[in-house]
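Trainee: Sequence:
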Amino acid sequence: MADDSRDMTSRPSPDALLEKAKAEARGRLKIFLGAAPGVGKTYEMLLSGRAKITDGVDVVVGVVETHGRRETQALLDGFEIIPRVEVDYKGRALEEMDLDAILRRRPGLVLVDELAHTNAHGSRHPKRYLDVKELLERGIDVYTTLNIQHVESLNDVVSQITRIRVRETVPDSIIDLADDVEIIDLTPDDLIKRLHDGKVYVSKTAERALTNYFTPGNLTALRELALRRTAQRVDDQLLTHMQAHAISGPWAAGERVLVSIDHHPRSASLVRYAARMASRLRAPWAAVYVETNRSISLTEAQRDTIAATLRLAEQLGGEAITLPGREVAEELLRHSASNNVTHIVIGSPKIGSWRDWSRRSVSYDLIRKAGDISVHVISGSEVDGPAANRGVKVAPSPSPFQLRGYALATLYVAIALGFCVILDQVLDVRNLALVFLMAVLASAVTQGLRPALYSCILGALAFNFFFLTPRYTLTISDPESVLAFFFFLGVAIIASNLTATVQRQAFAARQRARTTEDLYLFSKKLAGTGTLDDVLWATAFQLASMLKLRVVLLLPEHGTIAVRAGYPPDDTLDDADIAAARWAWEHNHAAGRGADTLPGAKRLYVPLRTGRTAVGVIGLDSDRREGPLLTPEQQRLLDALADQAALAIERVQLVADVDRAKLAVEADRLRSALLTSISHDLKTPLAAIMGAAGTLRDYLETLPHEDRVDLLSTVIDESERLNRFIVNLLDMTKIESGAMEPNYALHYGGDIVGSALRRAEKILNRHRAEVQIPVDLPMVKVDPVLFEQVLFNLLDNAAKYAPDCSAIRLEAWADIDNIVFRVMDEGPGIPPADLERVFDTFYRVRKGDQVRAGTGLGLSICRGFVEAMGGTIAAGNRTDRQGAVFTIRMPRPNDVPKLDELK
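At position 242 of the sequence shown the residue is numbered 1406 (my numbering), and the sequence of numbers has no breaks.
Rather than coming from a laboratory, the hints here were simulated on the basis of the structure.
Please read these numbers as outputs of a predicted model, since none were measured by experiment.
Where a beta carbon is used, it is the ideal one built from N, C-alpha and C, also for glycine.
Check before you lean on any hint, since a few could be wrong.
To be verified - Quick list of simulated restraints, FRET-style, between CB atoms: (1) Arg1861 to Arg1256: 24 to 32 Å; (2) Arg1444 to Arg1532: 22 to 30 Å; (3) Ala1571 to Glu1644: 40 to 48 Å; (4) Leu1267 to Pro1995: 34 to 42 Å; (5) Arg1824 to Arg1256: 33 to 41 Å; (6) Leu1867 to Arg1824: 19 to 27 Å.
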């Protein structure tokens, strides 16, 4: 066996060889990984690219962002740069990497900056890393850069550290795909100095970054994340290299812990010890159970202990592994050598029966053969095993006695007897025993051990009675026949035992494969569900189909527990069932039928547990009205299904919690902005009105006529301004509450434009209004009141930012699918960083002192009204001169009546 094990570990791993073959068939990927912006990733990538050019490699630049850094810009000189392609997005021309041009050029190496970048809408791939994957699949090597905060699995950790949620992420599989990961490291002090020197951002941006993101604590934590993620990738590469080249471990470049478990209750304490050791070493760990031939004879309680211990390992963050094998020590060492395990934890030997005295302990064999692997022999505690009584009575397993099996065994012996009667004329009597042996083997293969042993005895008696002299008696006179009889009986018993063992192993393997496949399909189905109802329906159906029981699922609602799904559909529970379900949920323990608590209920209720708490309850019922519901094997299957379902339910609930938290944060932000706006935008016109009205009251008789007119005009103007603000608040409330119901009708756009211009006459009195509306403009299907308010708000916004005597232009035209309205001004324009935010509620673009203040609601109302009417609105900057431009696109109606129909 030892030789066989050495042969297995001396052969390369097929999986590692397959991974190596895939890597050789594609281009090579090198990632320059940094802890934060500004550490020099792009600079180092360009230096490496120059080195490759010196080596004769055909290198091109796909996309490199210099961010205005002179040193980086200087390094670009001498590179062949593939021109970027322009992509039109909401009226703006965005530049993206030209993937098709690179593929046509087919360089040896392409430099691609900012791997986590999101491509403009309309590009072939939504993310730049997908562009990189296509380049690799075409056999082109890629150098790229990435910051640690963009790694998907670390997104939440980075958000906790920096208080900033990064939206652009890259899946971890991209890092796992990389052939090389080079960490570009700078100490926090050096990076902060670069910020102060203006080598990362411009001065104002650098000040904000130093305050919010680039603090020494943040940078130190991000640096540790980057180093650890790189070390993890290097460790995976080392393991793959060892497996591909059949190198027997361990290579103690990194620590790995393995704990061996068995059916003893102390295995739980061994798992906890291994978890503590792995935590101290910051190492991955696994709990391994080796399934040998002796595993078939384990009791159901012992099988429960093994299953519970493996579940405990998964709950503590380890990997649960079951390995088939003949000898535990040999299989553990083989697995350890192929997976670079450095520490093995095992329980001290327990002498429990006379069989244990006849063989060496597993711990002895491990210590003797472990080599460089450290073996930790732990006594363990049997007090707190994980497979404690669940409080649920189990149904008896099907009786092993099956009359059909013994009947078939008798038939096989009878058939063998018939053949022997025929062959007795030509064969020696001792050869006839082989025919009976075939009957024994047939019984063992098809019916199991006990019918096979029965056929042994029956065949031996038939062989003696019919063929050994004196015939037709059970006595044997010939000494040679006595020897042949007992040898036949011994060989038959041994052969039937071995054959039945193989048959049981094959049956167990088929059952395990079927269960594993069902669990895999179930987990795959759960992974593809996005709503709680889908998860509950999939869980109820899977439980019912695999356990052959009726299932209901209950979840907490408003302080109680309620039925949310069932298969077959059922939502009726009597008082006893409701009490049992509530007790199971509140105490995280089984209750109801067959349980120690509230056994009078119709169903058995089992809590759905996660590492945090109980998330729900499973109710089980069957047509059999009395007795326990589940066999021990079904209980273990229920545990596996319930664990997966609980995690899926918790995942959906956590997503909902995150969404609710986002809404709460947004509501708080809106509330704060509303209070700020009210305190300023209500107070300012009210103060002006009160001041003008007070002056008129106190000095009406002494004021000149012109001053009285000015004061009255102030009262009117500020009242109109206050009225507009209140109207905007009411409109925003309608939009937020979803109560906006447009009153659609067909209208000529020029009429609505004219009405909006008349309303805005006072606002535009210091500007030139230019209107270009074609007389043949098609009718547009809108709510005229809402659309007029949209145009009025856009004109009001343009008047705020455009200088006096400048032109505000409003034009309209029709294209194939839309009727387009555009409002343009000659103001300073919109900063590029604000183009996507100008439509946010209460958001105001920073403006000069001469620009009158706004509420931050006007443009948000424009977007809400336009989208409610089925259109789109976009902000941009003019290309012919300075100024902002707002473009509205309304769908061109298909049901415009003809002129003769109107007549």
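Trainee: Now tell me, hint by hint, if it's right for this structure.
Mentor: Evaluated hints:
| no. | hint | result |
| --- | --- | --- |
| 1 | Arg1861 to Arg1256: 24 to 32 Å | violated (54 Å) |
| 2 | Arg1444 to Arg1532: 22 to 30 Å | holds (27 Å) |
| 3 | Ala1571 to Glu1644: 40 to 48 Å | violated (34 Å) |
| 4 | Leu1267 to Pro1995: 34 to 42 Å | holds (36 Å) |
| 5 | Arg1824 to Arg1256: 33 to 41 Å | holds (34 Å) |
| 6 | Leu1867 to Arg1824: 19 to 27 Å | violated (58 Å) |
Hint compliance for this structure: hints 1, 3, 6 are not met, and every other hint is.
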